[in-house]
Each structure stands twice: as C-alpha cells, then as structure tokens.
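> If you want the building blocks of each chain, they are given just below.
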Amino acid sequence: MHEMSLAESIIQIAEDTARSNGGARVSVVLLEVGRLAGVELDALRFCFDAASRSSLADGATLVIEQPDGSAWCMPCSVSVPLANLGDPCPRCGSYQLQVTGGTELRVREVEIH
Amino acid sequence: MCTTCGCGTDHVHIDGVGQPLARGSRAPLTGVEQFVPAPPAIEGLAIGAAGVHAHGTTAGRIVQVERDLLAANDSWARRNRERFAADGTLCLNLVSSPGSGKTTLLVRTVAALAPRRPVSVIEGDQQTSNDADRIRATGVPAVQVNTGKGCHLEAPMVAKALEKLELGPGGVLFVENVGNLVCPALFDLGEAHKVAILSVTEGEDKPLKYPDMFRAADLVLINKIDLLPYLDFDVDLCEANARRVNPSVEVLRVSARSGEGFDAWLAWLERRAVAASPAGTTARDEARP
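Residue numbers (numbering that gives the first Met the number 0), protein chains in the order written: chain R, 0 to 112; chain H, 0 to 288.
Misleading hints may appear alongside valid ones.
Listed below are the simulated DMTMM-like cross-link pairs for lysine to aspartate or glutamate, each with C-alpha atoms no more than 20 Å apart in a straight line [as the list claims (entries may be wrong)]:
1) H:Lys148 - R:Asp86
2) H:Lys159 - H:Asp73
3) H:Lys208 - H:Asp235
4) H:Lys163 - R:Glu39
5) H:Lys163 - H:Asp124
6) H:Lys208 - R:Asp48
7) H:Lys208 - R:Glu39
8) H:Lys159 - H:Asp187
These are computed hints drawn from the structure, not numbers from a lab.
Isolated chain R, as found in the complex (with noise of 0.2 Å):
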C-alpha cells in the first residue's frame, strides 16, 4: 500500500508548486502513471482525497495518463508491446526483455488558481 506515500508527494508537489507560482488553490493535477509503474490507481485516489484535505490541493481533480508497457526484445532487437511483467515477447516467446516503457510515474501539470 505504497500509494499513501505516493498520494501524499503528489500533494506535496501540487503544494509547493502552487506556492511558488502564487497560487492559492490547485483544482486539476495531471498524472502519468504507467501501466507497468505497479500502482493501483483506486487506491492512489482513495488515499489522494483522504491525505489532500485541508490541503491547497482539497478537492482536486486528479487527472491520469497510463503510458502502456513496452520493452526492448534482445533476440528481435525490436521494441515490443508489454502488458505484463512476466510477460514473453509477442514475436519469439522469449523472456529476454528490457522494460523501457509504462514505469512513468511522475505530476506533469498542475492547475492552479
């Protein structure tokens, strides 16, 4: 359950964000949290709307991008589609991959008023 922690950075950047652009309230945060990152996304809001109260960020949108998994097949030396870690290479079955997409996990907007 390491979304409190991340729920709680998210609120900690629309924070510092908002105060060092003079803002006095933030409505919308946009996320890119990849489909690889290992985070439950109704958790991450659950724990956002509980740790955002009386925060300048109560009340916020939370808005989230889900960048697909993607790796790098070593025997193809292609990158290919991943769905899951785990998963074989959809060309040649091979499990030699390296992940190389769908990891993001970071704030990359923020609205503030």
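Here the structure of chain R is known, so what remains is to put chain H in place on it, guided by the hints.
Frame of chain R, contents of chain H only:
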C-alpha cells in the same frame, strides 16, 4: 491515513523514539517549471489541465511540472548512497515476504562476516524491536526503525537511522526492509543492491505474482533448502520464473538453518564489499601479515 489497509507513513520510530520524518523531510523542487498561458474561458466554461473543465469556474493557470513522484525519496537515496561511497560501505536492501527467514539468514550472515568486516544492520518492522534485539545479541550494532502503519522503508528513514551508526571502510550495512513483497520495490534507499529472499515453503510462482520486486532485485536467495526433501517445491522452476521477470537476476540456494549454500552467498558479499571499499580493502584476517 488509508483505511483500506491502515497504511500511512506517520508515526515512525527509531529505537523506540518518535521521529518527525517523512513529510517534513522534503527535497526542494528541482524541475524546470514554466508558465503556460491559460486558454481563454468560453461563456463561463473554464478549460484547465488535460482539457478538464469545471462549469462556472474561471480557468486557473496551468503550470507544467514534470516531476517524478519519487523525486524527494530519490534525492534522499542519493544522499545515502553518497555517504556509503564516502565511507566505503556496501549497503544491501533485503526484501521478502514475512516469514521467509530473513532475520535468521541475517543473524547467520552477520555472525560469519563480523570477524572479517565492520557490519551493521538497520531493521525495519511495523512494530517491536525483536529483530534488532536478535542482531544485537550477535554483537553487531543494529538500529530498529518502526514504521508504525507504514508498509515499507523510505530513504529519509534510513538517513535518520544512519545518524546512529558508524560505518567503517570496507564494511557492510544490511537494511532489512519491512516484510512485504509489494511496496518496498518502489523505494530506493540508496542501496547497492536489493536482495530478495524467498523460502521453499512459499510457491515457485512468487516471482510471477510479485514481478515488481523480483525485477528490482539483483540477487534472489532461495532459503530453507534443508526442507526440500519434505516439500514438492521445484527450485529450478522457481529460478526460471525469477528469470522470466528479470533475465539478469542472480539466484543462490541457501539454508539459514544448516548453513548450506552460505559459502557462495558469503563469497558474493565479499566480492561486492571489496569493490565498494576504498582501494579495494581486503578482509581483516586476510590483511594481517
């Protein structure tokens, strides 16, 4: 406080003393922030970040942040790593499910290592100082971090615990994380390697069920192999599953009870401790004339 599992990161205790940690230990914003002019409001309709709009509200300003959620933790991890490099200490982050035999393995490991190298331990648990007490009984210094409701250690907790430890050149610091195969995968503590411990009384498919952790680990120790004659556990299948999620992972088979496989594990440690130490210091007994 999360009511799904009760997890939170407040109420951290180190050796029983409450710590004002986590949220106060923030790192400054380092990303390049820039203003983006807000789009014009159309008839009371405000368009904000990501095209989300709220009726009847004026549009705010959108600030592009592009900041990793783990940036604060990672900046503390970087500081810890710099300290380990300056001290010439090898730091390992031990992760596993509860009951894999992590502390028993650690007790046997530090007992074998302590005559040769400076060894210290940071123990992470939600409650009790039982594990640190077991380590201290071997004569090795240990600091207990109690995370309260928290389900994993974070880098600032390790930084705080380090204030109570002296790390010698050529030494090894073991951080025993909270028993949990999910959350600790995401948090860098500044360690050189994550070592995942899996016991043969668990399923061979655990690496597939918890792929994040086995992908984050550089070494998997398969523990309790003295029990193999009584179980249907397929060690080869377990190793293959670990390599499915992490093709480059190393795997060693050990028994913390009988000591089987410990020569290979201690040799693995020795190689990395020498590499981490200043000018590749050798172990104490080997350095003697």
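> Each hint should be assessed against the structure and marked as holding or not.
Checked hints:
| no. | hint | in the structure |
| --- | --- | --- |
| 1 | H:Lys148 - R:Asp86 | 33 Å, violated |
| 2 | H:Lys159 - H:Asp73 | 15 Å, holds |
| 3 | H:Lys208 - H:Asp235 | 17 Å, holds |
| 4 | H:Lys163 - R:Glu39 | 35 Å, violated |
| 5 | H:Lys163 - H:Asp124 | 17 Å, holds |
| 6 | H:Lys208 - R:Asp48 | 29 Å, violated |
| 7 | H:Lys208 - R:Glu39 | 15 Å, holds |
| 8 | H:Lys159 - H:Asp187 | 15 Å, holds |
Violated hints, in rising order: 1, 4, 6; the structure is consistent with all others.
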